[in-house]
Amino acid sequence: MARVEYDDVWKRFPGSDRVAVHALTLDVADGELLVLLGPSGCGKTTALRMLAGLEHPDGGDIRIDGRSVLRLEPKDRDVALVFQSYALYPHLSVRNNIGYPLRVRGLTLAQQAERIGRAAALLRIEHLLARRPGQLSGGEQQRVALARAIVREPRVFCMDEPLSNLDAKLRTHTRTELKALQKDLGTTTIFVTHDQAEAMTLADRIAVLDQGRLQQLGTPDDVYRHPANLFVAQFIGSPPMNILAAHRHDGELVVEEAWRIPAPAVRDHHGGTALTVGLRPEAITIEQDGGGPGEVLVSEPLGSEVIVNVKVGSALVKVRTAPDVRPGPGTRVRLAAQPGEVRLFDPSSGTALD
Amino acid sequence: MDRVAALAVAVVGVPLLLVGYIVASEWLLGRLPLRRRAGVRPWVWIGPAITFVVVYLIYPSLATIWLSLFDARSERFVGLANYEQIVQLSDVHIAIRNNVLWVVFFSGIVLAFGLVFAILADRVRYEGLAKSLIFLPMAISFTAASVIWKFVFDYQPAEVTQTGLLNAILTGLTPIDPQAWLISPPWNNLALIAVGVWVWTGFAMVIISAALKGIPVELLEAARVDGARELTVFRRILLPLLGPTIAVVGTTLVIFALKSFDIVYVMTSGNYETEVIANLMYEQLFSVRHNGRASSIAVVLLLAIVPVLIINLRRFRFQEAVR
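Chains as they are written, first to last, in numbering that gives the first Met the number 0: chain C, 0 to 353; chain V, 0 to 322.
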């Protein structure tokens, strides 16, 4: 049983006006994998380190299972941390690296050997136990770091971008393994990353952060289809959501002064008729009929799909189409938007209006 | 006026000589075929330096070994008789005992203090200031340090006002009588060693501090999160990773302990059983005027240092190779 709660946590770095973490409030359910997602400098690593006890919040509380951990030393919080650089002890063998947390807790040699064996088997590194970290590849080092975290059977796993140092192919492969492993062990996990694809594939829920503030907390589906603001809309998804200026006119939305789409029902806002519209590339369809508001700039075939870049007014719209739809440059096209997928945002604040 | 002239000649003449040498050697090199030039040039450039080393270091060393086989005036060949003699002199026994004290206590304490200070300084905001203060004694010569501490250790009979700082504090704050720090064997050796420690701790601290900063912070954080107490982190993570540096600093200190001379010479002249080997050698040469014995002591000292030097060099080269 390990729920984690951040309650109005603040952190300001000394000697700087910048607020690293701003009133962060979120909760992680027992056994859940929560991803802290955001660009560099958004405070996600700081938030993670505060949970592990390596940084102290300037305000607020952090609780595990309802009990505050702020007064506890890192070693007493029963939290395991996997570093981006793995932080393996170079002078110890892999076996001793994995066994180190057990040794400092005074487990008997037999108990240590048993747990080390189990962790090594789980991560398939039994053949590496006698080597030193310096003799391992990046992927192998990363597994050793994971084994060292698992072997303690902690209440919470904290992972600070553990896959960032792996090459792309290994990263996607390890991602899948990691998700299966976490489900297997059932330990509450907080995972920090700046890679939105990683977040989408791994998370039970995603917490999107920007400049120390929580932008949105929700399942990958929520965050993808109903982003809470422009930042989240543009951060998640590849290619990113198309953001276009529009104004309301006669029950329709006129996008970039050129393209008319039916206006979804939305509550009144004080901005008047001007709006910002968000449309995902797969929510737009192309109708090539020799006329229309859009002019194709270039089509990018990706094998399983095509990304067509269409100029609408002064904006560039990316559209995802089937592999056989490949209009040439200069073709005039008409675009249609799927009705349920039109997102509306306030032009000044960027918050979603639906 | 003569001296001014001589000074002028030296200040102007020496650079001129060097420049002239370089110009001449480059001209000579120009006359060699291109292929040979790259091979010959290094030797030409380090020629002067090698000459100095041979004349002032290698030749005297060989000459000393040679002289150690002769008698007091270097006239009659006596073989190993000098060595036999010095082995039996009680002075030599005391000197060797003292050198052992120096090696053990000087090296050990400097290393320990250097390590502790390096680690502590790393954790405070005023690190720069603290390290500068501790390193400051390295800036003064051993002779100057010895003179300073001679005054600190000064002893006056109990009824008279104490002029030595230590005794003044002792008698002022406690009922204990003033101590003759430099006079009562064998603890007077420790007093002398203390002076050496005071001067050299900065050296050990600075080098260990640099190595300490090369250890990634994340290793220590990982250890703390894994559950280790500070002392465990120190023993099992910091010390092993600092091992190579400690070895290099340690062997340098041992070499120094074996060679120590200035402190003993200035503070006690080797009296009160504080003799060390270097002092003995000096004494035999300049007071007793026995060339043979002095040379043999020098050779013994050289032989004692060589193994330590080899370890030091190999450790250093290993570290360079690792980098």
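These are computed hints drawn from the structure, not numbers from a lab. Just so it is clear, CB atoms sit at the ideal spot from N, CA and C, and this is done for glycine as well. Misleading hints may appear alongside valid ones.
Facing chain V, according to a computed beta carbon distance under 10 Å, are these residues of chain C, among others [to be verified]:
| # | residue |
| --- | --- |
| 1 | Leu53 |
| 2 | Pro73 |
| 3 | Leu80 |
| 4 | Gln83 |
| 5 | Tyr85 |
| 6 | Ala86 |
| 7 | Leu101 |
| 8 | Arg102 |
| 9 | Val103 |
| 10 | Pro219 |
Structure-based check of all given hints:
1. For Leu53(C), the interface hint holds, the least distance from its beta-carbon to any beta-carbon of chain V being 5 Å, beneath 10 Å.
2. At about 5 Å, the closest approach between the beta carbon of Pro73(C) and any beta carbon in chain V falls short of 10 Å, and the interface hint on this residue holds.
3. Because the closest C-beta pair between Leu80(C) and chain V is about 5 Å apart, less than 10 Å, the hint holds.
4. At a threshold of 10 Å, the smallest CB-CB gap from Gln83(C) to chain V is about 8 Å, leaving the interface hint in force.
5. Because the beta carbon of Tyr85(C) sits about 8 Å from the nearest beta carbon in chain V, less than 10 Å, this interface hint is met.
6. Here the hint on Ala86(C) is kept, as its CB sits about 4 Å from the closest CB of chain V, short of 10 Å.
7. The criterion of a C-beta within 10 Å of any C-beta in chain V is met by Leu101(C), whose closest approach is roughly 9 Å, and the hint holds.
8. Interface restraint check: Arg102(C) against chain V, minimum CB-CB distance 9 Å, threshold 10 Å, status holds.
9. Checking Val103(C) against chain V: minimum C-beta separation of about 4 Å stays under 10 Å; hint holds.
10. Here the hint on Pro219(C) is broken, as its CB sits about 29 Å from the closest CB of chain V, past 10 Å.
Hint violations for this structure: number 10 only, all remaining hints satisfied.
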